[in-house]
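Visitor: Chains Y and B supply the protein sequences, listed in that same order.
One rule links them: number in the numbering used here = place in the first sequence (from 1) + 531.
One rule links them: number in the numbering used here = place in the second sequence (from 1) + 531.
It should be emphasised that the hints constitute simulated quantities derived from the structure, not laboratory data.
There's no promise every hint is true.
The list treats identical chains as interchangeable, and a pair is accepted whether it falls inside one copy or across any two copies.
Below, a list of computed lysine-lysine pairs in the PhoX-like style, where the Cα atoms sit at most 20 Å apart [stated by the list, open to error]:
#, residue 1, residue 2
1, K578, K944
2, K533, K853
3, K587, K751
4, K786, K563
5, K536, K853
6, K893, K555
7, K893, K932
8, K556, K788
9, K568, K853
10, K709, K882
11, K556, K682
12, K882, K785
13, K563, K788
14, K581, K713
15, K682, K563
16, K682, K568
17, K682, K555
18, K713, K582
19, K653, K533
Read off the chains here:
Number of protein chains: 2
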Amino acid sequence: MKIYKKIGIIGLGTVGEATLEAIKKHYSLVEKRTSLKIKISKICDIKKEKKNLAYKYSVPFTSNPYEIINDANIDIVVELIGGIEPARTYILDSLKKGKDVVTANKALLSKYGRGIFQVARKLRRNIGFEASVCGAIPLIRSISEGLVGCKVRRLYGILNGTTNYILYRMRRDRIDFKEALKEAQKKGLAERHSELDIKGFDALHKLSILSYLCFGVWPKTDNLYVEGISRISLLDIMYVEELSYVIKLLAIAKKDKERLDLRVHPTLIPSEHPLSGVNSSYNAVWLEAYPAGELLFYGEGAGGIPTSSSVISDIINVSFVKPRFIQERNNIIFTKIGSLFNRYYIRFMAKDCPGVLAKISKILASLDISIASVTQKEREEKKFVPIVMITHEAKEESIHKALSKIDTLSVIKGPSQLIRIEDL
Amino acid sequence: MKIYKKIGIIGLGTVGEATLEAIKKHYSLVEKRTSLKIKISKICDIKKEKKNLAYKYSVPFTSNPYEIINDANIDIVVELIGGIEPARTYILDSLKKGKDVVTANKALLSKYGRGIFQVARKLRRNIGFEASVCGAIPLIRSISEGLVGCKVRRLYGILNGTTNYILYRMRRDRIDFKEALKEAQKKGLAERHSELDIKGFDALHKLSILSYLCFGVWPKTDNLYVEGISRISLLDIMYVEELSYVIKLLAIAKKDKERLDLRVHPTLIPSEHPLSGVNSSYNAVWLEAYPAGELLFYGEGAGGIPTSSSVISDIINVSFVKPRFIQERNNIIFTKIGSLFNRYYIRFMAKDCPGVLAKISKILASLDISIASVTQKEREEKKFVPIVMITHEAKEESIHKALSKIDTLSVIKGPSQLIRIEDL
Numbered sequence: 532m533k534i535y536k537k538i539g540i541i542g543l544g545t546v547g548e549a550t551l552e553a554i555k556k557h558y559s560l561v562e563k564r565t566s567l568k569i570k571i572s573k574i575c576d577i578k579k580e581k582k583n584l585a586y587k588y589s590v591p592f593t594s595n596p597y598e599i600i601n602d603a604n605i606d607i608v609v610e611l612i613g614g615i616e617p618a619r620t621y622i623l624d625s626l627k628k629g630k631d632v633v634t635a636n637k638a639l640l641s642k643y644g645r646g647i648f649q650v651a652r653k654l655r656r657n658i659g660f661e662a663s664v665c666g667a668i669p670l671i672r673s674i675s676e677g678l679v680g681c682k683v684r685r686l687y688g689i690l691n692g693t694t695n696y697i698l699y700r701m702r703r704d705r706i707d708f709k710e711a712l713k714e715a716q717k718k719g720l721a722e723r724h725s726e727l728d729i730k731g732f733d734a735l736h737k738l739s740i741l742s743y744l745c746f747g748v749w750p751k752t753d754n755l756y757v758e759g760i761s762r763i764s765l766l767d768i769m770y771v772e773e774l775s776y777v778i779k780l781l782a783i784a785k786k787d788k789e790r791l792d793l794r795v796h797p798t799l800i801p802s803e804h805p806l807s808g809v810n811s812s813y814n815a816v817w818l819e820a821y822p823a824g825e826l827l828f829y830g831e832g833a834g835g836i837p838t839s840s841s842v843i844s845d846i847i848n849v850s851f852v853k854p855r856f857i858q859e860r861n862n863i864i865f866t867k868i869g870s871l872f873n874r875y876y877i878r879f880m881a882k883d884c885p886g887v888l889a890k891i892s893k894i895l896a897s898l899d900i901s902i903a904s905v906t907q908k909e910r911e912e913k914k915f916v917p918i919v920m921i922t923h924e925a926k927e928e929s930i931h932k933a934l935s936k937i938d939t940l941s942v943i944k945g946p947s948q949l950i951r952i953e954d955l
Numbered sequence: 532m533k534i535y536k537k538i539g540i541i542g543l544g545t546v547g548e549a550t551l552e553a554i555k556k557h558y559s560l561v562e563k564r565t566s567l568k569i570k571i572s573k574i575c576d577i578k579k580e581k582k583n584l585a586y587k588y589s590v591p592f593t594s595n596p597y598e599i600i601n602d603a604n605i606d607i608v609v610e611l612i613g614g615i616e617p618a619r620t621y622i623l624d625s626l627k628k629g630k631d632v633v634t635a636n637k638a639l640l641s642k643y644g645r646g647i648f649q650v651a652r653k654l655r656r657n658i659g660f661e662a663s664v665c666g667a668i669p670l671i672r673s674i675s676e677g678l679v680g681c682k683v684r685r686l687y688g689i690l691n692g693t694t695n696y697i698l699y700r701m702r703r704d705r706i707d708f709k710e711a712l713k714e715a716q717k718k719g720l721a722e723r724h725s726e727l728d729i730k731g732f733d734a735l736h737k738l739s740i741l742s743y744l745c746f747g748v749w750p751k752t753d754n755l756y757v758e759g760i761s762r763i764s765l766l767d768i769m770y771v772e773e774l775s776y777v778i779k780l781l782a783i784a785k786k787d788k789e790r791l792d793l794r795v796h797p798t799l800i801p802s803e804h805p806l807s808g809v810n811s812s813y814n815a816v817w818l819e820a821y822p823a824g825e826l827l828f829y830g831e832g833a834g835g836i837p838t839s840s841s842v843i844s845d846i847i848n849v850s851f852v853k854p855r856f857i858q859e860r861n862n863i864i865f866t867k868i869g870s871l872f873n874r875y876y877i878r879f880m881a882k883d884c885p886g887v888l889a890k891i892s893k894i895l896a897s898l899d900i901s902i903a904s905v906t907q908k909e910r911e912e913k914k915f916v917p918i919v920m921i922t923h924e925a926k927e928e929s930i931h932k933a934l935s936k937i938d939t940l941s942v943i944k945g946p947s948q949l950i951r952i953e954d955l
């Protein structure tokens, strides 16, 4: 009993082309497995030179997406152009034309997901978005179906491959941020949009989709705390290693009753934790849920070929299942970053002369911050040398107050470095 | 638009009771999330003392499973008694009565899964079996849905928590197998059925279910190679550590065109591989698939509370989706263990006197086995001391021939130790 579905693909970048190739070249096995016959009715890109793909794979090409959206024979629209507009309009128009939609567009879903899902729910259409978070990892499905009976309490994600690769290369090769960024660019990981990666916004987009999945909450990403990795120096990476930590850019979600804590920033995690071993450009999500316990999902976070796996599984999934939507929650209080209690890694550049530590300690003590360990890393009299501190749990607001005071001391060359610690 | 389902639970062991508790105490959130209302109509156990659970959770109790199977009002039968019979009959009778089935029974599915799924397919009933492999990890769903568009090429699984815990404790605490087994028993990990765990059969059962999921092949488990961990000594664990390896009991599946290689045995894997860090009683599966790439899934492999997460997600899933079955393949050739090419770790107990290594090397050379490294671990003249060898790739048959010859030498105290190496 075969099921037939006709699809149109809008956007023939790396993921679009890989999806086209995977379906055209390797789909026969999947067809046997699922009894779903997929026909690619039309492919579309505004770049007319992409028409060569039409010849290569014998598929009609158009540069006008509405030849797909308005085609009454097409069942599923696969949106792979990325960005906010015109992707948003294409998706909404496709839904209104009665089509199911598959998309990899995290920036769009993070900003307008709420409205898009409301339209889909009203029209009873499916939206597949497995490819929007963690590329090839079947994470969306695992959370929304596999963990449907669970309450997620904590989630820590390495959601951006580019920044993970940069931090990995800095640590492995003892190179600084700029050099590692160049290596990432050479490898094709950091592109023209690398600001989104480096500053943490790409991870934040994905975190907001995970927030919807885990908690039924679409956060306003503008209100969330996000900090990128460009401030992380090789010095810090080496010092935390001595303390048995690794620095990762983490997307963090913690839920406690009505309180939800969502943020993205570089974080010290214990080097024996499974997330510490997530190297190169891999992505991973570690989470703790009740009753499932601790879980880790690991895999390729980007790249056309790996991501096409998620696009194809979405095409198959929307073909078979009735739309099911996550119930939204509104009575949520977002934890403000200033009210956090955390342990912190702090690095000062301080003049190597008597009494400096006393001055620093006094300011910290006055703000109720107690020190777990302190090490002066070099000796060079009268010069600025690094002092590394690990604090006990302290209020984030107080730490910032303390640092601004300390940075005004004449014996300190600011700004001092501050990185949060998570003792997973 | 609420959906109502009535379920009956047969078997109130740790998983059964945890499922009951999770539904009765924590289901309201899930109900909001999914619009699925679950009513537990009846619970059943042959042990009459389990009736106390009926009072605790206000659910009708019976000691006769047919009061569930024949109850026309019950939609889903949850089988959690384990073992082959009567579980098989209960499941088949439930399907025939038009019920969907959820089961955690790996031993049964491994042996009779093929026939049970054929009946379910004919009757168009659903079988949920997420809890049968890797407890709380949503692995079945990830492979069958998330990776539905993929060809799995290689899979390595730590599928048994008890043996992983024993090997972990041996390595961490430098204790021998027997002592570590006692620790596992103390922790409630090894029970009366621990032979199934220790000898590798539990992992083999799960591997055969994964073979069905990944390749559409139900193997005859009697024909597959399985080797447990009781022969692994603390000595071996320490020696491989020096060589940057870790010993894990791995379930291995490799597919190359029509050839399928399935086996379970202790294996040396590189200590920097993510699977090496899977400690305590955790389970994990690492796999390589096209186009998804490398993926790792990690979580609790057993225990009532974690496993109840998978049981509940199955109950919800079978309530929503139409039955879909994996197409079976028959034209498969199973790779025989003797025809494998592998690298090997070998440990001889050899008399510390001149000429011994020459004798061993001569035998190995005569069978085309070349040595990558060799170390004598101690010196004690005229006594038996360990010699550790790593071979280059060699045919398994030849290695066994060589070892039986070597073990007859008067300078050797056999049997010598042999462990396969996988350079993931």
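Visitor: With identical chains treated as interchangeable, where does the CA-CA distance between K893 and K932 reach 20 Å or less: within a copy, between copies, both, or neither?
Guide: Cα proximity of K893 and K932: one copy only (13 Å, versus 74 Å across).
Visitor: Under a CA distance limit of 20 Å, which applies to K563 and K788: within one copy, between copies, both, or neither?
Guide: So K563 and K788 pass the 20 Å test across copies only (16 Å; inside, 46 Å).
Visitor: Given a CA cutoff of 20 Å, do K568 and K853 count as a within-copy pair, a between-copy pair, both, or neither?
Guide: both (18 Å within a copy, 17 Å between copies)
Visitor: Should K893 paired with K555 be assigned to within, between, both, or neither, using CA atoms and 20 Å as the limit?
Guide: Close neither inside one copy (68 Å) nor across copies (54 Å); limit 20 Å.
Visitor: When Cα atoms must be at most 20 Å apart, do K556 and K788 count as within-copy, between-copy, both, or neither?
Guide: between (49 Å within a copy, 16 Å between copies)
Visitor: Under a CA distance limit of 20 Å, which applies to K587 and K751: within one copy, between copies, both, or neither?
Guide: Result: close neither inside a copy nor across copies, 43 Å intra and 43 Å inter.
Visitor: Is it within a copy, between copies, both, or neither that the alpha carbon of K682 lies no farther than 20 Å from that of K568?
Guide: between (37 Å within a copy, 17 Å between copies)
Visitor: My question is about K786 and K563: at a cut-off of 20 Å on alpha-carbon distance, are they close within one copy, between copies, both, or neither?
Guide: Cα proximity of K786 and K563: across copies only (17 Å, versus 42 Å in one copy).
Visitor: Classify it for me, K581 with K713: is the Cα-Cα distance of at most 20 Å met within a copy, between copies, both or neither?
Guide: Close neither inside one copy (29 Å) nor across copies (65 Å); limit 20 Å.
Visitor: Cα distance capped at 20 Å. Does K536 pair with K853 within a copy, between copies, both, or neither?
Guide: both (15 Å within a copy, 17 Å between copies)
Visitor: Tell me, please, which holds for K578 and K944 at an alpha-carbon limit of 20 Å: within, between, both or neither?
Guide: Classified as neither; 51 Å inside a copy, 73 Å across copies.
Visitor: Evaluate K533 and K853 at a C-alpha cut-off of 20 Å and name the case that applies: within, between, both or neither.
Guide: both (18 Å within a copy, 14 Å between copies)
Of the hints listed earlier, those the structure fails to meet are numbers 1, 3, 6, 10, 12, 14 and 18, in rising order.
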